[in-house]
Every structure is written in structure tokens, then in C-alpha cells.
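Q: Chains as they are written, first to last, in the numbering used here: chain A, 16 to 225; chain B, 16 to 225; chain C, 317 to 649; chain D, 317 to 649.
Just to be clear, a hint being listed does not mean it is correct.
To be verified - List of simulated lysine-lysine pairs, DSSO-like, C-alpha gap at most 30 angstroms:
| hint | chain 1 | residue 1 | chain 2 | residue 2 |
| --- | --- | --- | --- | --- |
| 1 | B | 81 | B | 67 |
| 2 | A | 67 | D | 325 |
| 3 | D | 355 | D | 325 |
| 4 | A | 67 | A | 81 |
| 5 | B | 67 | B | 25 |
| 6 | B | 81 | B | 25 |
| 7 | B | 67 | C | 325 |
| 8 | B | 25 | C | 325 |
| 9 | A | 25 | A | 67 |
| 10 | A | 81 | A | 25 |
| 11 | A | 137 | A | 81 |
| 12 | D | 355 | C | 570 |
| 13 | C | 318 | D | 318 |
| 14 | C | 325 | C | 355 |
| 15 | A | 25 | D | 325 |
| 16 | C | 355 | D | 355 |
| 17 | C | 325 | B | 81 |
| 18 | A | 81 | D | 325 |
| 19 | B | 81 | B | 137 |
No lab work stands behind these hints, which were simulated from the structure alone.
Nothing here was measured: the structure is a model prediction, and the numbers come from that model.
Spelled out from the first residue to the last, the chains are:
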Amino acid sequence: MVLDANWAVKWLTLCAQAMAEHRVELIELDRAIGDSDHGENMDRGFQAVLAKLGESTPETPGAALKMTAMTLMSKVGGAAGPLYGTAFLRAATALGDSAEIDPAAWAGALQAARDGIVARGKAESGDKTMVDAWTPAVDAARAAADGGSADVLGVLVAAAEAAEAGAVSTDPMIARKGRASYLGERSAGHRDPGAVSSALILRAAVGAAA
Amino acid sequence: MVLDANWAVKWLTLCAQAMAEHRVELIELDRAIGDSDHGENMDRGFQAVLAKLGESTPETPGAALKMTAMTLMSKVGGAAGPLYGTAFLRAATALGDSAEIDPAAWAGALQAARDGIVARGKAESGDKTMVDAWTPAVDAARAAADGGSADVLGVLVAAAEAAEAGAVSTDPMIARKGRASYLGERSAGHRDPGAVSSALILRAAVGAAA
Amino acid sequence: MKKLINDPKSVVQEAVQGFGLAHAGLVTVSEDPTYITRKDAPVAGKVGLVSGGGSGHEPLHAGYVGRGMLDAAVPGAVFTSPTPDQILPATLAVNSGAGVVHIVKNYTGDVLNFETAAELAEAEGVNVRTVLVNDDVAVEDSLYTAGRRGVGGTVLVEKIAGAAAERGDNLDAVAAIGERVNANVRTMGVALSACTVPHAGTPSFDLAEDEIEIGIGIHGEPGRHRIPMENADSITNRLMDAVLTDLKVSSGDKVLLFVNGMGGTPLSELYIVYRRAVQVLADAGATVERSLVGNYITALEMQGCSISVLRLDDELTELWDAPVHTPALRWGV
Amino acid sequence: MKKLINDPKSVVQEAVQGFGLAHAGLVTVSEDPTYITRKDAPVAGKVGLVSGGGSGHEPLHAGYVGRGMLDAAVPGAVFTSPTPDQILPATLAVNSGAGVVHIVKNYTGDVLNFETAAELAEAEGVNVRTVLVNDDVAVEDSLYTAGRRGVGGTVLVEKIAGAAAERGDNLDAVAAIGERVNANVRTMGVALSACTVPHAGTPSFDLAEDEIEIGIGIHGEPGRHRIPMENADSITNRLMDAVLTDLKVSSGDKVLLFVNGMGGTPLSELYIVYRRAVQVLADAGATVERSLVGNYITALEMQGCSISVLRLDDELTELWDAPVHTPALRWGV
Ligand SMILES: Nc1ncnc2c1ncn2[C@@H]1O[C@H](COP(=O)(O)OP(=O)(O)O)[C@@H](O)[C@H]1O
Ligand SMILES: Nc1ncnc2c1ncn2[C@@H]1O[C@H](COP(=O)(O)OP(=O)(O)O)[C@@H](O)[C@H]1O
Ligand SMILES: [Mg+2]
Ligand SMILES: [Mg+2]
Ligand SMILES: [Mg+2]
Ligand SMILES: [Mg+2]
Numbered sequence: 016m017v018l019d020a021n022w023a024v025k026w027l028t029l030c031a032q033a034m035a036e037h038r039v040e041l042i043e044l045d046r047a048i049g050d051s052d053h054g055e056n057m058d059r060g061f062q063a064v065l066a067k068l069g070e071s072t073p074e075t076p077g078a079a080l081k082m083t084a085m086t087l088m089s090k091v092g093g094a095a096g097p098l099y100g101t102a103f104l105r106a107a108t109a110l111g112d113s114a115e116i117d118p119a120a121w122a123g124a125l126q127a128a129r130d131g132i133v134a135r136g137k138a139e140s141g142d143k144t145m146v147d148a149w150t151p152a153v154d155a156a157r158a159a160a161d162g163g164s165a166d167v168l169g170v171l172v173a174a175a176e177a178a179e180a181g182a183v184s185t186d187p188m189i190a191r192k193g194r195a196s197y198l199g200e201r202s203a204g205h206r207d208p209g210a211v212s213s214a215l216i217l218r219a220a221v222g223a224a225a
Numbered sequence: 016m017v018l019d020a021n022w023a024v025k026w027l028t029l030c031a032q033a034m035a036e037h038r039v040e041l042i043e044l045d046r047a048i049g050d051s052d053h054g055e056n057m058d059r060g061f062q063a064v065l066a067k068l069g070e071s072t073p074e075t076p077g078a079a080l081k082m083t084a085m086t087l088m089s090k091v092g093g094a095a096g097p098l099y100g101t102a103f104l105r106a107a108t109a110l111g112d113s114a115e116i117d118p119a120a121w122a123g124a125l126q127a128a129r130d131g132i133v134a135r136g137k138a139e140s141g142d143k144t145m146v147d148a149w150t151p152a153v154d155a156a157r158a159a160a161d162g163g164s165a166d167v168l169g170v171l172v173a174a175a176e177a178a179e180a181g182a183v184s185t186d187p188m189i190a191r192k193g194r195a196s197y198l199g200e201r202s203a204g205h206r207d208p209g210a211v212s213s214a215l216i217l218r219a220a221v222g223a224a225a
Numbered sequence: 317m318k319k320l321i322n323d324p325k326s327v328v329q330e331a332v333q334g335f336g337l338a339h340a341g342l343v344t345v346s347e348d349p350t351y352i353t354r355k356d357a358p359v360a361g362k363v364g365l366v367s368g369g370g371s372g373h374e375p376l377h378a379g380y381v382g383r384g385m386l387d388a389a390v391p392g393a394v395f396t397s398p399t400p401d402q403i404l405p406a407t408l409a410v411n412s413g414a415g416v417v418h419i420v421k422n423y424t425g426d427v428l429n430f431e432t433a434a435e436l437a438e439a440e441g442v443n444v445r446t447v448l449v450n451d452d453v454a455v456e457d458s459l460y461t462a463g464r465r466g467v468g469g470t471v472l473v474e475k476i477a478g479a480a481a482e483r484g485d486n487l488d489a490v491a492a493i494g495e496r497v498n499a500n501v502r503t504m505g506v507a508l509s510a511c512t513v514p515h516a517g518t519p520s521f522d523l524a525e526d527e528i529e530i531g532i533g534i535h536g537e538p539g540r541h542r543i544p545m546e547n548a549d550s551i552t553n554r555l556m557d558a559v560l561t562d563l564k565v566s567s568g569d570k571v572l573l574f575v576n577g578m579g580g581t582p583l584s585e586l587y588i589v590y591r592r593a594v595q596v597l598a599d600a601g602a603t604v605e606r607s608l609v610g611n612y613i614t615a616l617e618m619q620g621c622s623i624s625v626l627r628l629d630d631e632l633t634e635l636w637d638a639p640v641h642t643p644a645l646r647w648g649v
Numbered sequence: 317m318k319k320l321i322n323d324p325k326s327v328v329q330e331a332v333q334g335f336g337l338a339h340a341g342l343v344t345v346s347e348d349p350t351y352i353t354r355k356d357a358p359v360a361g362k363v364g365l366v367s368g369g370g371s372g373h374e375p376l377h378a379g380y381v382g383r384g385m386l387d388a389a390v391p392g393a394v395f396t397s398p399t400p401d402q403i404l405p406a407t408l409a410v411n412s413g414a415g416v417v418h419i420v421k422n423y424t425g426d427v428l429n430f431e432t433a434a435e436l437a438e439a440e441g442v443n444v445r446t447v448l449v450n451d452d453v454a455v456e457d458s459l460y461t462a463g464r465r466g467v468g469g470t471v472l473v474e475k476i477a478g479a480a481a482e483r484g485d486n487l488d489a490v491a492a493i494g495e496r497v498n499a500n501v502r503t504m505g506v507a508l509s510a511c512t513v514p515h516a517g518t519p520s521f522d523l524a525e526d527e528i529e530i531g532i533g534i535h536g537e538p539g540r541h542r543i544p545m546e547n548a549d550s551i552t553n554r555l556m557d558a559v560l561t562d563l564k565v566s567s568g569d570k571v572l573l574f575v576n577g578m579g580g581t582p583l584s585e586l587y588i589v590y591r592r593a594v595q596v597l598a599d600a601g602a603t604v605e606r607s608l609v610g611n612y613i614t615a616l617e618m619q620g621c622s623i624s625v626l627r628l629d630d631e632l633t634e635l636w637d638a639p640v641h642t643p644a645l646r647w648g649v
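Assemble the whole structure, with the sequences as input and the hints as a guide.
A: Structure representation (C-alpha cells):
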């Protein structure tokens with residue numbers, strides 16, 4: 016199992032599938048503390064990525080992620096568009112031209128993605144945003160990669176599980192960034208949609224490698 | 016029992032009471048085949064009549080009806096305002112200065128009222144309008160008065176009963192005048208609100224004499 | 317029923333007060349009896365234009381009082397035509413001696429009340445002409461109805477007759493222009509939801525989640541028939557079909573296309589309807605020379621729209637383009 | 317969900333097409349990427365004004381493209397901010413060389429997308445200034461929120477900055493005027509019902525028949541808190557209280573009062589609110605010098621309203637009065 020261009024294509028394809036499948040769920044989550052569009056935005060964005068993949072096949076994982084960044088940036092809109100756009104762009108840059116990604120490189124790419132989101136959105140952990148999925152994911156991936164015991168699949172799994180737990184952890188939080196922050200305390204008791212879509216993306220990475 | 020100014024004042028007071036009591040019912044009837052305002056219009060109109068009665072007491076039945084005509088004309092609006100206004104005005108004219116009304120005079124006043132409504136509204140019997148209450152009422156009052164057997168109360172009762180039956184008779188009719196006519200066949204199966212308010216008015220005349 | 321009101325009984329009065337405050341530079345409000353006149357009324361030598369009807373259709377009619385349109389508007393209770401004791405003083409207030417045109421939507425109540433007021437005004441020496449607007453193709457104009465209703469076309473009659481009066485046309489000429497507009501305009505409407513009259517408190521009709529009413533008027537009356545929900549293009553096709561057939565639109569015709577919101581429908585949806593209506597007209601060989609899209613004659617918060625098509629000639633177009641300065645319609649000034 | 321649409325996915329595209337057809341004399345529509353420019357853009361020597369945001373707030377922003385207001389509008393998907401690949405070409409299209417001002421409502425998505433577009437435009441040699449509108453007093457402007465939202469005040473910023481650009485102010489001056497308007501305007505809104513985003517299909521929040529949401533924005537988000545239904549005067553008092561306190565309105569102030577409908581509320585109700593708002597201002601010793609009442613920045617078919625108060629000075633008043641010729645706001649021309 017190697018993380019190469021094939022894997023990247025499969026990952027993005029599974030992302031598109033996941034967004035289509037969870038479109039309504041993400042809309043419902045956003046309906047509760049936002050403006051009911053997150054599922055629609057993500058679905059539209061990844062359908063566009065899928066269309067691009069149909070046009071030409073990227074040569075490297077980095078190229079695939081760069082194409083994804085540009086597409087999400089121009090098709091998603093809202094807060095999620097620029098944030099995911101930046102995340103994929105930074106990850107692509109971190110990966111460079113490598114044909115294959117090793118555990119450390121993947122952890123580094125996730126770190127770059129997370130830092131990109133924070134740089135753009137200025138959210139901190141606990142602000143009830145996608146950062147609350149990404150930060151634990153990065154930490155888990157880094158730990159798995161550094162431990163040396165995990166193969167690349169193990170790193171993907173660690174990141175996905177941590178992101179999922181991170182998404183769940185947003186439930187009691189009071190939002191301090193993004194649209195949900197307007198609700199103040201009323202935002203508590205709901206899961207952040209962006210954290211959930213982030214976990215879906217990281218879970219799809221596992222599926223593509225399995 | 017005589018129909019004098021006192022009776023007229025009591026009649027109009029009972030009319031106001033009836034319209035207030037049946038306000039919602041008349042709105043509901045008008046909601047089904049019109050625009051939901053008949054009960055509100057009639058209530059507003061007769062409350063204004065009541066207010067006028069509080070300001071000065073009419074000397075004759077004719078004066079009471081003329082005041083009512085002018086008040087309804089200026090406060091009711093819609094189709095019912097001018098139609099009832101004309102009806103009361105014509106009745107007042109028919110009664111002239113008489114201090115007391117005998118059966119024949121009352122039948123004549125009802126006839127004049129009915130003719131006024133027809134002159135203004137151009138509706139025929141069977142068009143599903145207030146005319147379908149007034150025409151049988153006039154006929155019944157005339158028959159009772161002409162028969163000579165009925166006292167004035169009998170004439171009032173005959174008119175009220177015929178008006179009530181007339182209102183019920185509008186149920187299956189297809190409206191050909193007024194707002195309900197826009198509905199075409201969908202107007203069948205509903206009672207005409209103006210016919211019902213007409214019956215209430217004629218029933219109040221009985222109550223005032225009882 | 318949730319509404320931004322204080323008391324159903326004071327809705328019209330308070331709305332008119334607010335209107336008067338917001339447009340104090342343009343209009344004068346008489347509160348008892350209720351009517352609104354143009355600030356500079358009566359305009360010397362000019363024919364006066366008066367319209368009115370039940371409230372609940374805002375901005376109609378008060379929103380169209382001002383230079384190049386109405387001289388006075390007379391609002392009745394909600395969905396209830398005004399009374400002669402309102403219409404008469406409004407008529408007298410705007411009569412400069414050149415006479416007054418009453419623009420009356422064809423409803424029994426409006427017709428009767430304006431009729432009485434016109435008689436009374438004539439008795440006071442004012443020449444009155446009445447233009448009856450009856451553009452609604454949903455209603456058959458036959459012995460078996462009260463005749464076609466006045467709906468969307470009313471706005472166009474008021475604008476164009478208003479421009480004719482402003483340029484100095486005499487009483488008969490202004491009335492004739494108004495009648496020409498009425499003769500050349502047809503309208504058909506659809507409701508996706510009913511409206512709630514404040515004093516009634518419940519929706520004016522009940523419509524299932526998958527039904528719409530075709531052929532509604534502007535008073536929350538149910539329409540001619542009820543059909544399952546369709547998409548915007550199909551609904552537009554239906555409305556346009558009825559309008560174009562009745563108006564006998566033919567290739568080469570130049571028209572004004574007016575897509576009107578009933579009050580509760582987003583503007584974006586009106587533009588979707590407009591888009592399809594333009595296509596239908598193009599298919600019929602007609603060209604849209606002028607257009608109007610928005611909430612101009614409403615039925616409270618009803619969701620839905622009406623489409624009006626007015627066949628234009630050069631004079632009507634010129635009068636449409638003439639300056640107008642009212643709270644709700646303004647251009648060229 | 318009943319809407320006059322064909323397909324939730326084509327709502328924006330078809331509405332924009334209809335808009336372009338209806339206002340072909342005033343605007344040019346680019347369909348892919350989607351943006352709308354003033355017909356005569358770029359206007360030589362003039363600073364360009366670009367605004368944009370999610371769709372569903374019509375007539376904002378496209379309705380304000382034209383002389384004396386915006387040079388371009390960039391509509392995103394419904395309630396979703398537009399993307400840099402729309403904002404950038406719109407910016408380039410209206411740049412005459414005098415630079416471009418981006419008017420951005422303060423939402424994370426709008427801020428981020430406009431930020432990227434501005435960077436890209438700067439990279440292509442266009443000077444860009446950004447005016448961030450954040451007039452919503454319902455949201456506390458603190459470290460613990462995304463900051464106050466841009467709501468009703470946006471319309472006023474666009475009109476007044478547009479007039480400044482039209483009279484020939486330079487880039488920094490236009491931006492400064494926009495910021496001055498923003499600094500002097502506060503807004504607070506209320507919803508009586510939620511709206512339904514087409515692609516979502518269900519109302520954006522659930523509100524009982526006897527509840528209202530105080531402090532709503534324009535995206536169908538729930539408000540700051542929910543209270544039992546009250547009458548129009550009480551609701552108006554609440555909104556005005558919040559606005560006047562935050563704006564620190566004091567005796568002698570001259571203001572512009574803007575009562576805005578959220579889309580599904582009848583105009584008559586807005587006038588009832590306006591009436592009370594004027595009384596509240598009078599009690600505070602302030603005078604209403606200018607006013608605007610109607611549906612100018614909406615949330616689809618939401619029922620409710622917002623009240624904005626802008627403290628005027630002579631220059632702002634003069635710029636407000638300056639001629640404007642757009643599909644949705646027009647005077648003096
Ligand atoms: N400043 C921020 N930093 C990180 N993530 C954010 C920020 N603001 C919003 N988000 C994320 O974006 C998600 C909402 O995305 P979306 O609904 O598509 O955009 P919008 O809020 O513009 O409608 C939120 O659930 C949250 O995870
Ligand atoms: N042409 C007519 N002739 C007689 N009665 C009529 C006519 N048109 C309407 N009506 C009566 O008026 C009633 C409706 O009155 P109302 O609801 O107050 O006025 P509107 O129809 O203007 O809302 C109808 O129920 C009918 O009885
Ligand atoms: Mg969202
Ligand atoms: Mg009625
Ligand atoms: Mg009525
Ligand atoms: Mg959004």
C-alpha cells in the first residue's frame with residue numbers, strides 16, 4: 016500500500032461520494048447553528064473535483080491536491096471554500112512533486128493543511144470549527160508517524176479517528192468563530208458541520224488506501 | 016305591540032349585537048367564497064350605528080333607518096356597505112315620517128329595501144346573494160300583511176323565517192354576482208354570507224318586537 | 317397569525333400614518349376620512365386622478381400618489397373597498413376644475429362605492445369619468461360573473477393615465493388613455509400560499525403543501541382551480557398561455573411585461589418567472605419593449621405572482637417612459 | 317417547500333438571467349463566472365465599486381448596480397458567499413485605473429473570498445480597498461464572535477459610497493466615506509418566520525406560532541434570543557432600543573431611518589413599524605431627515621424586518637440625495 020497519485024484520485028472520488036451521501040446531514044447540522052448550506056457547498060465543490068478528475072488524471076498526489084484546492088476555492092464559496100482551498104493548497108505544496116507519500120510526509124501535509132486553515136480563519140482549538148477536527152488529526156498522525164510502528168495506513172486511520180472524535184468534541188462547545196458564533200450560548204449542543212465534513216474527508220483517505 | 020321609534024332603536028341595537036356575535040361566522044362564510052371581511056364589515060358598521068344611537072335618539076322609525084343607511088354607507092365599505100345603505104335608505108323613504116308602522120307599511124318598506132338592493136347590485140334570485148334572503152322575506156311579509164290575519168309581529172316573523180330559509184337555499188347555488196362568482200362552480204356548497212347577515216337583521220326585527 | 321401590527325382594527329390607520337411620515341415631502345394624509353393626496357394637489361389645470369380600493373395591496377394605491385401618476389388614493393379597510401365619504405372629499409381635493417378620473421378595479425364593492433361618490437361629486441359640480449379596470453383573464457367576463465376583476469393592469473393604467481394627465485390631456489382624453497391601457501392589458505395570477513387578513517386571523521384558504529391555486533385575484537380569494545405544484549416554467553407557461561390567448565398577441569407585437577409579486581415571494585423567483593415569460597413571448601414573435609418586476613400590487617403576504625402583458629403602441633410607450641415621482645414608482649425625476 | 321423555481325441547483329443562474337433580461341439597459345450579466353456589471357463599466361476615471369455575497373437577499377446586490385451606486389455585483393449560491401474566481405473578473409471589469417472598492421459584509425466566508433480576490437487583483441495591478449460592513453448590533457463585536465454582521469447598513473454604504481465615487485472622489489476617499497457610513501449606522505432585526513433555502517427544502521429554523529426571533533441576520537440563522545410574540549410597537553421599541561443605545565443617538569441628531577422588510581412581510585406592516593420608530597426617535601430628540609421603507613435586503617421569504625439608523629451629516633445627506641439609477645433604487649434621473 017503506497018500513497019500515490021492513484022490513491023489520491025481514489026481519495027478525492029471517495030470524498031465526493033461522502034459529501035453526496037452526507038449532503039443532507041451536513042445541511043441539517045448547518046441549519047441548526049448556521050445557514051443550511053454546508054452540505055450543498057461541499058457537495059457542489061467535490062462534484063466539481065470529480066468532473067476535473069474526469070478531464071485529466073493528475074500525475075502526483077501533490078498535483079491532485081492542488082487541482083482540488085483550486086476547484087474548491089472556485090466552487091464552494093462561503094467560509095468552507097477558502098478554508099478547504101487553503102488546506103488542500105498548503106498540503107499540495109508540502110507534498111511537492113513526490114510520486115509517493117511516506118507517513119512522515121503525510122503527517123507534514125496534514126500539519127500544513129491545518130496551519131493553512133488557522134492562518135486564514137484565525138480559529139483556535141475550542142472555537143467549535145473544523146480546526147477542532149484537524150488539530151487532533153494532525154497530532155494523531157504525527158504521533159503515529161513518529162512512533163514508527165504505524166504504516167501509512169495506520170497514520171491515515173489515526174488521523175481519521177482523531178478527526179471524528181474531534182468533531183464529536185465540538186458538541187458542547189460555544190462557537191467563537193464563523194456563523195455559529197452569532198448564536199452565542201445557543202450554539203452549544205450542536206455538532207459543527209465543518210468539523211464533520213473534515214472528518215469525512217480524512218475518513219475517505221482511509222477508504223482509498225484500504 | 017307597535018313598530019315605533021323605540022322598536023327601531025331596539026332593532027338596530029339587536030342588529031349590532033347579532034353582528035358582533037356572528038362576526039366570526041360571517042367572516043368564515045366569506046372566507047370560503049369571498050375575502051374574509053363580511054363579518055368585520057358588518058360589525059364595524061353596526062357598531063357605528065350603535066355609537067350614533069348613543070349620540071341622539073331618532074324621532075321616527077324612518078329617521079332611525081335613514082341614520083342607519085348613512086352610517087352603513089360610510090362605515091361598511093365593500094359590496095355590503097352600499098347595498099345595505101341603499102336598502103335602509105329606501106326603506107326609510109318608504110316609511111316617511113310615520114311614527115308607527117302597520118303591517119302593510121312594513122311589507123312595503125321591505126319591498127323598497129329589496130328593490131333598492133336589486134337596483135344597485137343587479138342580482139337576480141338564484142345568483143347566490145343577499146337577494147336570495149330578501150326576496151322570499153318580502154314575499155312572506157307581503158302575504159302575511161295581505162292575509163290580514165297576521166299582526167305586525169306575525170309579519171316580522173314571516174319575513175325572518177323566509178329570510179333564514181332563503182339563506183339556507185343559497186347553499187347549492189353557483190354564484191353569479193359579487194366576489195363569489197369568481198369561483199364559478201366551486202362556490203356551490205357554501206352559504207352566502209350576505210344572505211346570512213340579511214337573515215340576522217330580519218330576525219333582530221322580531222326580537223325587538225317580542 | 318403573526319404580524320407586525322398592534323391591533324387588527326388599527327392596521328390601516330397606523331400604516332397610513334407611517335406612510336405619511338415616510339413620504340411627507342410627496343403626499344398629504346387625511347386621517348378622517350382616510351385618503352392620501354399629492355402634496356401639491358390640486359395641480360392647476362390638470363385633470364385629477366383618484367384611485368382606491370381595499371387595503372392590503374400595498375404599495376397600491378397610496379404608493380402611486382405623486383407627480384405623473386395619481387393625485388389621490390383612497391384606502392378602505394383590508395380587502396374592503398373604501399366608502400363614498402372617503403372618495404368624495406378625495407375627489408374634491410384634487411379637482412382643479414379640469415375634472416377627475418376615477419380608476420376603479422372591477423369589484424362589486426369598488427364599483428358601487430365609487431359610483432355613489434362620483435354621483436355626489438357631480439352634484440357638487442365636478443366632472444367625473446370612471447375607468448374600470450378588468451384585466452384578469454382568470455374570470456370569464458360573462459353574464460354569469462361579476463365580470464373580470466381588476467388586478468395587475470391597474471398599476472399600468474394608473475401610470476399611463478397619470479402621465480397623460482400630467483402632460484395636460486383633458487378629462488375625456490385621460491379617461492380614453494386609461495381605457496386604452498385596460499383594453500390592451502391582460503393578467504393572470506397564481507398563489508402558492510394564502511394570505512391572512514388581520515381581522516380574520518386565519519389564512520383565506522387552505523392549500524396543501526403540494527397544491528397551488530391558479531387564477532387567483534388579489535383578495536385572497538381562492539382561484540379558478542387548484543392543481544398539483546409544478547415548476548416555475550410550467551406555471552409561467554400556464555399563465556402566459558391564458559394571457560396571450562385572451563390578448564390575441566401576434567407576431568410583431570411590442571409589449572410591456574409585468575411580473576408582479578403577491579407579497580410573500582422573493583424577488584429572485586419573480587425573475588425566474590420573468591425569464592420564462594420572455595421566452596414565451598419570443599416564441600410568439602412578440603418583443604418585450606418595457607418591463608416591470610417586483611411587488612407592485614399585492615395580497616398581504618400571499619406567495620405567488622401575476623403576469624400582465626400590455627400591448628404597447630408608441631404613445632403608450634412614451635407615456636410609460638414619462639417621468640413619475642411617487643413613493644413606489646419613480647423615474648426621470 | 318413551494319417555490320417558483322425549476323430546480324434548486326439553477327435558482328441563481330435563472331434568476332440572474334431573468335434579471336439581465338429585465339434590466340438590459342442598465343446592466344451586463346456575465347454568466348460563467350457569474351457577476352453583473354454596470355452597462356457602461358468601466359467608467360473612465362471613476363473608482364469602481366464591487367459588492368457581493370450569497371444570493372437570497374435580493375434586490376441586494378445586483379439590484380444596486382448602476383449609476384451612482386455599484387459598478388459590479390457578485391452573487392454566490394443561496395446564502396453562500398461568492399468565490400474569488402467570480403470576484404476577480406468583476407473587479408477587473410470595473411477598474412478604470414482609478415482602483416476598486418470592495419464592499420464586504422462581515423461574514424467569515426465573504427471576508428475570506430473577497431480577501432483572496434483582492435490579493436489576486438492587486439497582483440494584476442489593481443488598487444483595491446475593502447470596506448467591511450458590520451452594523452448588526454444583535455451580535456457582540458468581541459473576541460468571542462466572528463464580529464458584528466453586515467446587514468441593513470450595507471444598502472446605505474453602497475448608496476453613499478457609490479455617490480462619492482460618482483462625483484469623482486478618489487479611491488481612499490470613497491473607501492473613507494464607506495467606512496464613515498458604516499461607523500454611523502446600526503441595525504437590528506426580528507423574524508416572525510424562518511425562510512427556506514431552496515437546496516435545503518426545510519425552514520432554516522423552527523419557530524412556534526407564538527414566538528419570534530430577536531436579533532436575526534439575513535441568512536435564516538436563528539437570532540440571539542427567542543421571545544413570545546409581541547405587538548409591533550413593542551417589537552419596534554426593542555429594536556430601536558438596541559440600535560439607539562449602541563449608536564449613542566442623542567438629542568439634536570439628524571438621522572436616516574431605514575425600515576427593511578425581510579421578504580415576506582407586507583409593506584403596510586413596515587409602515588406600522590416605521591411609524592413607531594419615528595416616535596422613538598422623536599422621544600430621543602433626534603429628527604428623521606431621510607427615510608427608506610421596503611424590501612431592500614432580504615432573507616428569501618422570511619417574515620420580519622430590520623431597522624437601521626444612520627447618523628447623518630451634511631455630506632452624507634448630500635450623497636444620499638445624489639442621483640442614483642439602478643434596478644432597485646432610483647431617483648434624480
Ligand atoms: N474562522 C474559521 N476558522 C475555521 N473554520 C471555520 C471558520 N469559520 C467557519 N468555519 C467552518 O466553516 C463551516 C461552515 O461552512 P459553510 O457553511 O460552508 O460556510 P458559511 O458559514 O459561510 O455558510 C463551519 O462549520 C466551521 O467548521
Ligand atoms: N351584486 C350583488 N347584489 C346583491 N348582493 C351582492 C352583490 N354582490 C355581493 N353581494 C352580497 O354582498 C356580500 C359580500 O359582502 P362583503 O363581503 O361585505 O363585500 P365584498 O364582497 O366587497 O368583500 C355577498 O355575500 C352577497 O350577499
Ligand atoms: Mg453555512
Ligand atoms: Mg367580502
Ligand atoms: Mg371585501
Ligand atoms: Mg453560507
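Q: Between residue 67 of chain A and residue 325 of chain D, does the CA-CA distance stay at or below 30 angstroms?
A: 19 angstroms, holds
Q: For the pair supplied as a hint, residue 67 of chain B and residue 25 of chain B, confirm whether the alpha-carbon distance does not exceed 30 angstroms.
A: Distance ~13 angstroms between residue 67 of chain B and residue 25 of chain B Cα, so the pair holds.
Q: Between residue 81 of chain A and residue 325 of chain D, does the CA-CA distance stay at or below 30 angstroms?
A: Holds, at about 26 angstroms.
Q: So if I understand the rule, the pair passes when the alpha-carbon distance is 30 angstroms or less; does residue 67 of chain A with residue 81 of chain A pass?
A: The hint holds at about 12 angstroms.
Q: So if I understand the rule, the pair passes when the alpha-carbon distance is 30 angstroms or less; does residue 81 of chain B with residue 137 of chain B pass?
A: Holds, because 22 angstroms separates the two Cα atoms, which is no more than 30 angstroms.
Q: Holds or violated: are the alpha carbons of residue 67 of chain B and residue 325 of chain C at most 30 angstroms from each other?
A: 19 angstroms, holds
Q: Between residue 355 of chain C and residue 355 of chain D, does the CA-CA distance stay at or below 30 angstroms?
A: 35 angstroms, violated
Q: With a cut-off of 30 angstroms on the C-alpha distance, tell me whether residue 325 of chain C and residue 355 of chain C pass.
A: Answer holds: residue 325 of chain C to residue 355 of chain C is near 27 angstroms, not above 30 angstroms.
Q: Taking only the CA atoms, is the gap from residue 325 of chain C to residue 81 of chain B under or equal to 30 angstroms?
A: Cα-Cα ~26 angstroms, so holds.
Q: Taking only the CA atoms, is the gap from residue 25 of chain A to residue 325 of chain D under or equal to 30 angstroms?
A: 26 angstroms, holds
Q: Holds or violated: residue 318 of chain C with residue 318 of chain D, Cα cutoff 30 angstroms?
A: 20 angstroms, holds
Q: Between residue 137 of chain A and residue 81 of chain A, is the straight-line Cα distance small enough, at 30 angstroms or below?
A: 22 angstroms, holds
When the structure is compared with the earlier hints, a violation turns up for hint 16 alone.
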